[in-house]
Amino acid sequence: MLLNYLKIVLKTLLQKKFFSALNLFGISTTVMIIMVAALVFDNHTAPRAPEVYLDKMLFVQRVKTTHGDDWITLNGVGLKLIDEYLKKIEPKPLMSASTTEVFELYASGRLQRKKMILTEPSFWSIYQFSFQEGRPFNLSEFSQHEPVIVISRMLRDHFFGSKAAIGQTITIRTKEYRVIGIVDNVPANCSHTYADAWIPYTAGAFDFVGSDDLDGGFSLDILPVNGQSSESIKMAMAESIRRLNIGLHSSDTKVYISGPENSMELFARGYADHTVFGGLTDYLVKWVAALLLFMMLPSVNLMSLNITRIRERASEMAVRKAFGASRMRLFGQLLTENIILTLVGGIIGLVLSVVVIHVFSYQLLGVDVDQGKVALGIQINYYVFGFALITCLVFGLLSGVLPALRMSKLNPAEVLKGGSK
Amino acid sequence: MIKLSNIQKVYRTSTIETVALEQVNLEIAKGEFVSVMGPSGCGKSTLLNITGLLDEPTEGYVTIAGEDGHGLSDKKKAAFRNRHIGFVFQNFHLINELNVLDNVELPMLYARGITPSERRSRAMRVLERVGLSHRMKHFPTELSGGQSQRVAIARAIAGNPSIILADEPTGNLDSHNGEEVMQILFDLNREGTTIVMVTHDDKLARQTGRIMRFFDGRQVL
Numbered sequence: 446m447l448l449n450y451l452k453i454v455l456k457t458l459l460q461k462k463f464f465s466a467l468n469l470f471g472i473s474t475t476v477m478i479i480m481v482a483a484l485v486f487d488n489h490t491a492p493r494a495p496e497v498y499l500d501k502m503l504f505v506q507r508v509k510t511t512h513g514d515d516w517i518t519l520n521g522v523g524l525k526l527i528d529e530y531l532k533k534i535e536p537k538p539l540m541s542a543s544t545t546e547v548f549e550l551y552a553s554g555r556l557q558r559k560k561m562i563l564t565e566p567s568f569w570s571i572y573q574f575s576f577q578e579g580r581p582f583n584l585s586e587f588s589q590h591e592p593v594i595v596i597s598r599m600l601r602d603h604f605f606g607s608k609a610a611i612g613q614t615i616t617i618r619t620k621e622y623r624v625i626g627i628v629d630n631v632p633a634n635c636s637h638t639y640a641d642a643w644i645p646y647t648a649g650a651f652d653f654v655g656s657d658d659l660d661g662g663f664s665l666d667i668l669p670v671n672g673q674s675s676e677s678i679k680m681a682m683a684e685s686i687r688r689l690n691i692g693l694h695s696s697d698t699k700v701y702i703s704g705p706e707n708s709m710e711l712f713a714r715g716y717a718d719h720t721v722f723g724g725l726t727d728y729l730v731k732w733v734a735a736l737l738l739f740m741m742l743p744s745v746n747l748m749s750l751n752i753t754r755i756r757e758r759a760s761e762m763a764v765r766k767a768f769g770a771s772r773m774r775l776f777g778q779l780l781t782e783n784i785i786l787t788l789v790g791g792i793i794g795l796v797l798s799v800v801v802i803h804v805f806s807y808q809l810l811g812v813d814v815d816q817g818k819v820a821l822g823i824q825i826n827y828y829v830f831g832f833a834l835i836t837c838l839v840f841g842l843l844s845g846v847l848p849a850l851r852m853s854k855l856n857p858a859e860v861l862k863g864g865s866k
Numbered sequence: 337m338i339k340l341s342n343i344q345k346v347y348r349t350s351t352i353e354t355v356a357l358e359q360v361n362l363e364i365a366k367g368e369f370v371s372v373m374g375p376s377g378c379g380k381s382t383l384l385n386i387t388g389l390l391d392e393p394t395e396g397y398v399t400i401a402g403e404d405g406h407g408l409s410d411k412k413k414a415a416f417r418n419r420h421i422g423f424v425f426q427n428f429h430l431i432n433e434l435n436v437l438d439n440v441e442l443p444m445l446y447a448r449g450i451t452p453s454e455r456r457s458r459a460m461r462v463l464e465r466v467g468l469s470h471r472m473k474h475f476p477t478e479l480s481g482g483q484s485q486r487v488a489i490a491r492a493i494a495g496n497p498s499i500i501l502a503d504e505p506t507g508n509l510d511s512h513n514g515e516e517v518m519q520i521l522f523d524l525n526r527e528g529t530t531i532v533m534v535t536h537d538d539k540l541a542r543q544t545g546r547i548m549r550f551f552d553g554r555q556v557l
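So the protein lines, in turn, are chains A and B. Numbering-wise (this note's numbering), the first sequence opens with residue 446 and increments by one. Numbering-wise (this note's numbering), the second sequence opens with residue 337 and increments by one.
Take the hints with a grain of salt, since some may be wrong.
Covered stretches of chain B (in silico footprint by chain A; criterion: 3 or more residues with CB under 8 Å from a CB of chain A, positions within the stretch not fixed) [to be verified]: (1) 375 to 389; (2) 425 to 439; (3) 442 to 450.
In silico negatives: residues of chain B with every beta carbon more than 10 Å from chain A [to be verified]: (4) Asn342; (5) Ile352; (6) Gln359; (7) Lys366; (8) Phe369; (9) Ala401; (10) Ala415; (11) Asn418; (12) Ser457; (13) Arg458; (14) Ser511; (15) His512; (16) Arg526; (17) Thr544.
Think of the hints as simulated: they come from the structure by calculation, not from any bench. Even glycine gets a Cβ: it sits at the ideal position worked out from N, Cα and C.
Please model the complete structure; the sequences and the hints are all you need to start from.
Okay, here's the thing in structure tokens:
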């Protein structure tokens with residue numbers, strides 16, 4: 446029976462080439478766009494090494510200061526704000542303040558810009574790096590401003606080749622660091638951890654400690670521990686900021702922090718108005734609604750195409766009825782055919798999305814190409830594939846149910862009166 | 337075998353009411369070959385559709401092969417048609433997307449307990465019977481009118497029905513092909529199949545066992 450349906454689908458596709466092309470184009474393009482969107486979303490929100498707790502984490506990345514009605518400053522977070530207010534909350538989650546710097550390296554025949562993360566010891570507890578050799582820096586080294594460095598395998602190979610690297614020194618931005626650890630290369634799309642060097646921020650070329658600014662170049666990564674809820678952390682930090690604002694000298698000045706935001710809210714922030722703090726869940730809801738609407742449009746289009754196509758097959762449906770097909774059977778047949786057709790479109794869309802993702806991966810994931818075409822940890826995983834499959838099925842059902850229902854109810858006697866060969 | 341009692345069929349639109357059949361009472365015995373004749377629009381095809389449970393009468397009852405057609409569900413009617421009735425249409429109504437063999441297999445797709453290999457061998461047997469075993473991989477668009485009608489007959493008999501309802505089976509054929517098709521129908525009738533055939537051809541009708549004539553929806557003879 447299914448073979449019979451498959452033959453019909455194949456023949457219909459081949460006989461009505463324009464319709465088929467239009468049909469498949471609509472499905473495959475939509476599936477491709479949804480797949481790419483899902484993959485980009487997945488890339489920003491799904492946990493993977495070293496960001497294995499990404500789904501539980503919170504981040505404070507932006508500070509907005511308003512001065513009266515017409516002066517707003519937007520910046521990263523200052524260490525003063527982190528140390529004196531945000532880190533004061535109780536009970537304490539795991540928190541690490543980080544900032545980044547870029548250094549240049551002549552590698553693979555060209556000058557490349559590499560990223561260095563300046564952070565603190567708790568960073569290594571929040572993120573799970575795979576150490577090939579050595580260890581991360583500790584609290585003592587951090588407190589003593591010791592110029593120690595953890596480097597990636599790539600950087601180790603660049604500086605030392607096959608020689609031992611631990612205990613050796615390397616110079617970055619005119620400053621010498623002692624190598625204490627070597628970690629596996631981090632995929633470039635791990636936006637919170639990707640770098641080739643990690644040092645204590647107390648050991649950088651610039652002394653951040655002691656700055657009086659509430660804003661600055663840092664972000665705060667937060668991992669709830671001991672069953673803490675994200676909501677309790679958000680509320681505690683909101684309270685800290687409220688106290689901060691009360692204590693400010695100027696009553697006109699108000700300080701706001703972004704979030705703390707989870708990875709989904711951070712993803713939405715990338716597409717939201719930068720001056721808007723909060724309400725990112727609404728953005729996400731709008732996104733999902735837009736996605737559904739986007740799916741609906743080709744479905745409606747496909748539905749009208751299907752009605753036309755199925756009408757042309759009225760004679761076939763009448764004959765099937767005459768020879769023993771019940772209404773439900775015809776309905777099932779037409780729906781199955783439609784789902785097969787959409788699955789074909791889905792497979793084409795899947796192939797297209799793989800091509801698009803590989804050709805435009807750096808642009809899609811916002812990775813700086815100047816850092817060299819380093820490996821990206823992207824793949825069409827089961828989640829994304831499942832999403833695509835469900836998308837196809839929803840398409841098939843949405844566009845097929847109504848035409849199939851109408852056609853299964855046709856009166857065979859009327860159709861068989863006339864008709865052609 | 338077939339009994340129509342007080343059949344009336346009225347087609348209604350918002351502005352017009354057309355009586356297609358009125359007070360039709362007839363009986364056809366098992367193994368009969370009956371011709372239904374009359375001018376265009378006299379209700380012959382409607383009679384055939386109602387007999388084959390493809391259409392509902394406005395009033396009256398159809399009893400066929402011991403089954404009362406009145407009030408049967410869509411599913412039961414479909415199963416009944418599949419088991420007992422084979423249709424042959426003037427315009428053949430083959431499915432162009434399927435080859436000859438698949439077209440002939442069609443009724444058996446909806447029958448219970450027939451394995452795919454059995455389906456295939458039965459379809460091949462009936463195609464051989466109508467002299468078209470060499471055309472089984474061809475598509476309907478590659479066949480002549482006579483061949484198409486023979487495929488349609490093969491499809492009608494593939495499920496081994498006890499009744500064949502044929503609506504002007506030779507209407508679109510030349511005399512030679514028409515004779516060939518009629519010969520197949522006569523052979524089937526000789527083997528015990530009950531046949532009801534709508535025709536305009538008086539000569540063909542005279543070769544069948546009985547002629548029923550219709551005029552303006554009523555049986556006149």
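Verification of the hints:
1. Coverage of a stretch by a chain is defined here by at least three residues with a beta carbon nearer than 8 Å to that chain's beta carbons; for the segment 375 to 389 of chain B and chain A the count is 4, and the condition holds.
2. With 10 residues having a Cβ less than 8 Å from any Cβ of chain A, the segment 425 to 439 of chain B passes the three-residue criterion, so the hint holds.
3. Counting residues of the segment 442 to 450 of chain B whose CB lies closer than 8 Å to any CB of chain A gives 5, so the stated coverage by that chain holds, three being the minimum.
4. For Asn342/B, the condition that its CB be more than 10 Å from all CB atoms of chain A holds, with the nearest at approximately 20 Å.
5. Annotated as non-interface, Ile352/B keeps its C-beta farther than 10 Å from every C-beta of chain A; the closest such distance is 16 Å.
6. Taking the minimum C-beta to C-beta distance to chain A, about 20 Å, the non-interface status of Gln359/B holds against the 10 Å cut.
7. Every CB of chain A is more than 10 Å from the CB of Lys366/B (nearest about 21 Å), matching its label as outside the interface.
8. Under the 10 Å C-beta cut-off, the non-interface status given to Phe369/B relative to chain A holds; the minimum distance is some 21 Å.
9. Ala401/B, annotated as away from the interface, keeps every beta carbon of chain A farther than 10 Å; the closest lies near 14 Å.
10. The claim that Ala415/B lies off the interface is violated: its Cβ sits roughly 7 Å from the closest Cβ of chain A, which falls inside the 10 Å cut-off.
11. Annotated as non-interface, Asn418/B brings its C-beta within 10 Å of a C-beta of chain A; the closest such distance is 3 Å.
12. No Cβ of chain A comes within 10 Å of the Cβ of Ser457/B; the nearest lies about 17 Å off, and the non-interface call holds.
13. The non-interface label for Arg458/B is consistent with chain A: the shortest C-beta to C-beta separation is roughly 14 Å, beyond 10 Å.
14. Listed as a non-interface residue, Ser511/B keeps its Cβ farther than 10 Å from every Cβ of chain A; the least gap is roughly 19 Å.
15. Listed as a non-interface residue, His512/B keeps its Cβ farther than 10 Å from every Cβ of chain A; the least gap is roughly 19 Å.
16. In this structure Arg526/B is separated from chain A by more than 10 Å, as the shortest Cβ-Cβ distance comes to about 24 Å.
17. With a least CB separation of 22 Å from chain A, Thr544/B remains clear of the 10 Å interface cut-off, as annotated.
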